[in-house]
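Asks: Spelled out from the first residue to the last, the chains are:
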Amino acid sequence: MSIVTVQIGQCGNQVGEQLFSTIAEDTYGKYSGVGVKDNETYKTEVEKCFFTLSEKGPPKAKAVLVDMEPKVIAQCKTNAKRSGLWSYNDSSSFCQKRGSGNNWAHGYFKHAQNASINVMELLRKEVEKCDHLGGFLVLMSLAGGTGSGVGAYLSQTIRDEFPNSFIANQIVWPYNTGEVIVQNYNAILTLSHLYNSSDAILIFENDHMQKMCTQLMGIKNISFRDINKVICHHLAGGLLRTNGFLNCNRLKTNHLGDVLEHLVSHPDYKLLTMRAIPLMSQHSKAYSSYNWPGLLKHLRQMLVANAAMEEGIDWNVKVSEGKFRTFNKSVANLMFLRGKDIASPDISAFQDSRLYPDWIPPGCALETWTQPRCFHQYEKAAIMLSNSQSPVGPLNHVISKAWGMFSSRAYVHQYTNHGMAEENFLDAFTSLEQVLKNYKDL
Amino acid sequence: MTQSVVVQVGQCGNQIGCRFWDLALREHAHTNKNGYYDESLSSFFRNVDSSRENASDIPLGDAKSKICALKARAVLVDMEEGVVSGIMKGPLRDVFDYNQLISDVSGSGNNWAVGHKMYGPQYREAILESVRRAAEACDCLQCFFILHSMGGGTGSGVGTYILDLLEEEYPEIYRFVTAIYPSADDDVITSPYNSVLAMHQLTENADCVLPIENQALIDIVNKVKTSTGKPSITSSKGAIVQGKNEQPFDAMNNIAANLLLNMTSSARFEGSLNVDLNEISMNLVPFPKLHYLVSSQTPLYTLADTNLPPRRLDQMFSEAFSKDHQLIKADPKHSLYLACALIVRGNVQVSDIRRNIDRLKPSLKFIGWNNEGWKTGLCNVPPVGQPYSLLTLANNTCIVNTFSNLKDRFTKLYKRKAHMHHYTHIDGMEMSDFDCASESLLGLIGEYSRLDKQGTAAPDAPRLTVL
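Going line by line, the protein sequences match chains A and B.
Counting along the first sequence from 1, when you hit position 228 you're at 228 in the working numbering, and nothing is skipped either side.
Counting along the second sequence from 1, when you hit position 427 you're at 1427 in the working numbering, and nothing is skipped either side.
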């Protein structure tokens, strides 16, 4: 089963390039922890999923690159080629000459409508190269104009064109103190549109990623490349193939599809977040050893206390019912265990029915998938995909900031100049307030 | 990659323009080592094959063709010959063609009406033709930069006439105006009239205006001179006395030219967080007419003298918010920010910017609905000879002071109807033009003051509730 990746905008393209690098480096890396034969099978499976093999030259990523200005795409292609491990198809990119200028309306109403025919053509070509299409992964940011505006529009077009395929959108959530002043407007417009077209919206917060870089990876001057590496560690950890399971028993045919099927059991709840443990600098990996019970204990507390990383978790948060419930409730969780001794871990702590709303049948909310091959040179690594209340905080923040600005009608003229109406804003607010309420009420 | 066209009008506009071209060439020469005509050069320059009879543009292609002859994407307009013909005799003569020049001999006599109502229509076709030629040579034209002063006749009059013309002919293309405001003790008596009349046009037709006050430039240059140990010589009128081999206003014009250079850096070079030019107005202009941006640059010292040691990074950020570094005489720190952009160049990481925002934020006041109103940009290529630099662009209510002072000076003259007849005897100039212009300025002051009153209080509109 193959995944076709669509990288949109500066952020989406940079994350995409990093994702394929992470996957290629891991797959073709020496450190596997399994036998040669098993490693070969694993390699073939991963290649089938993310790359098209060609007779000459390195494998080509199954990706379509979209941006409204050519600079970033050119850079991505050069970087990929330089790695020697993989490359992009020269012809599978689309760019125009002028950026969207942080304006969602400009991206959605102008650029995307001009771009969509060409992009869909490229996408169709990529899809035709797959034996089995598992689904689409759309990478984009929320804050800018291209990623958010064009991304929202293209997701809808993909949905129309491939009504039966899975679509997951990976989005990078902007810093709280912004990179872009109108980011909250762009964010609510994007999210409300994606909620209609996408199967799942996978959120990565820049603020969290930066903290991980400082506190776990020990990086002093953090660049976007560092942040993207952390994002892709999570992302690859959830997307790379698994071949076993602990507490469920079903034939898995389509990794991406099965992930979404398990996590998004109700169309009102589509916001996913990820957690990974352990996470450390390359340098420290050789000096660390972990055991599964320890890792899982931390991971559970990260989930319960709604922490993005293991450092500084609040251990006082307890799972208890009552009026002043403080812990993070989930609709569903999916755990990936990668590395040594994966048959042994005890995962019952994640199956506690108090973690989940009562309309979920007991025992159904958690699945654990395993892969004995080591991931990213960690001897043991646990990655968790959750559909939980984690996005409530950031979502609430974005809505309230955007609403404050909207009540003064600031910046609204910039959007109406590009063919948007004030009602579009109100529609976005209404639908997201509903999403927020649903998650709060879990 | 997009291209921009610079329209420089009047003595002041042309002098700043030439400093800009000079510095831009220096910057590209520094980064472009292999002599290819590449994308970053194409944003402001054409590559022309001048060996042939009809010199034609060499297309960018795969960015592998050799630089032949670089021509600035510029239109030079002046209604007297001196400056423009000086340029054509100077070291920059090769980057301009004669068909990019539009000049007259008699000047506008410090009269906005002469520039706007007389020369404007008279040269309309010639200007349009020059602009069209420049625009057609662009692969994807994104921006017009218009440089002129506010106090004189040609810059303010013809400059704003061209602005109207561009808005009419190229409504989709962004129009950035760099406008030099006169000092309070300006020797042109009619400068308040000219400025207010010109401002009316800027308010209506520009996408972004970057006001620069002469006095601020003089102060900065003097400050640099004192701290570098070189004696500062200023005449009683505040103008700098000419040194050896130095044009009188070079140091000041350098600062203004650097503003343009830094603002366009992201459009010219690569960066990990690009700021496209259209993002500037998108992020910094919350309401259509409030598009006047206060700018500051650090490190300043090296702008006038590149032989000084670099400043520490954090110091650079702090200084950018002090009132000595603003390009208008105002103190944004003690007024209200509507939005603020940080455009950083050189060896600086995202985390450096974040750290400094967190550090500076408590000392700055932002309007309630935009208290996280930061826009950041990172360009990899620093200015020549420096490790890094910072340009801040702020939409701040402190600009009201500049406007009110101007308004007061205008009213003083207007009450007596002083010099009025010089304007009204020009065809098409009416008394009502003065009233409209002064009303427009009052309206602008009112808008900014209204927002200033809102202050930092968070908006209290109740959120939508869902059932």
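Since the hints were derived computationally from the structure, they do not count as laboratory data.
A virtual CB, placed ideally from N, CA and C, is assigned to each residue, including glycine.
A portion of the hints provided could be inaccurate.
To be verified - Straight-line alpha carbon distances no greater than 30 Å define the calculated DSSO-like cross-link-like pairs of lysine-lysine that follow:
#1 81(A) with 1064(B)
#2 297(A) with 340(A)
#3 56(A) with 1064(B)
#4 318(A) with 30(A)
#5 71(A) with 1333(B)
What the hints assert, rightly or not - Rough simulated footprint, nothing fancy, chain A against chain B, three-plus residues with beta-carbon under 8 Å:
#6 1133-1142
#7 1146-1156
#8 1191-1199
#9 1366-1372
#10 1460-1467
Asks: Against this structure, judge whether each hint is valid.
Replies: Quick rundown of the hints versus the structure:
A hinted pair counts as satisfied when its Cα atoms are at most 30 Å apart, and residue 81(A) with residue 1064(B) qualifies at roughly 19 Å. Using a Cα cut-off of 30 Å, the hinted pair residue 297(A) and residue 340(A) holds, with the two alpha carbons roughly 17 Å apart. With a C-alpha separation of about 27 Å, the suggested pair residue 56(A) and residue 1064(B) falls inside the 30 Å cut-off, and the hint holds. Among the hinted pairs, residue 318(A) with residue 30(A) is inconsistent with the structure: their alpha-carbon atoms are about 42 Å apart, more than 30 Å.
The straight-line distance between the Cα atoms of residue 71(A) and residue 1333(B) is roughly 36 Å, outside the 30 Å bound, and the hint therefore fails. With 3 residues having a beta carbon nearer than 8 Å to a beta carbon of chain A, the region 1133-1142 of chain B meets the requirement of three or more and the stated coverage holds. Judged by the Cβ-Cβ criterion of 8 Å, the region 1146-1156 of chain B is not covered by chain A as claimed, because only 0 of its residues qualify and three are needed. Under a criterion of three residues with beta carbons nearer than 8 Å to beta carbons of chain A, the stated coverage of the region 1191-1199 of chain B fails, only 0 such residues being counted.
A count of 4 residues in the region 1366-1372 of chain B with a Cβ less than 8 Å from any Cβ of chain A is obtained; the coverage claim is therefore met, three being the minimum. Only residues whose beta carbon comes within less than 8 Å of a beta carbon in chain A count, and the region 1460-1467 of chain B has 5; three or more means the coverage holds.
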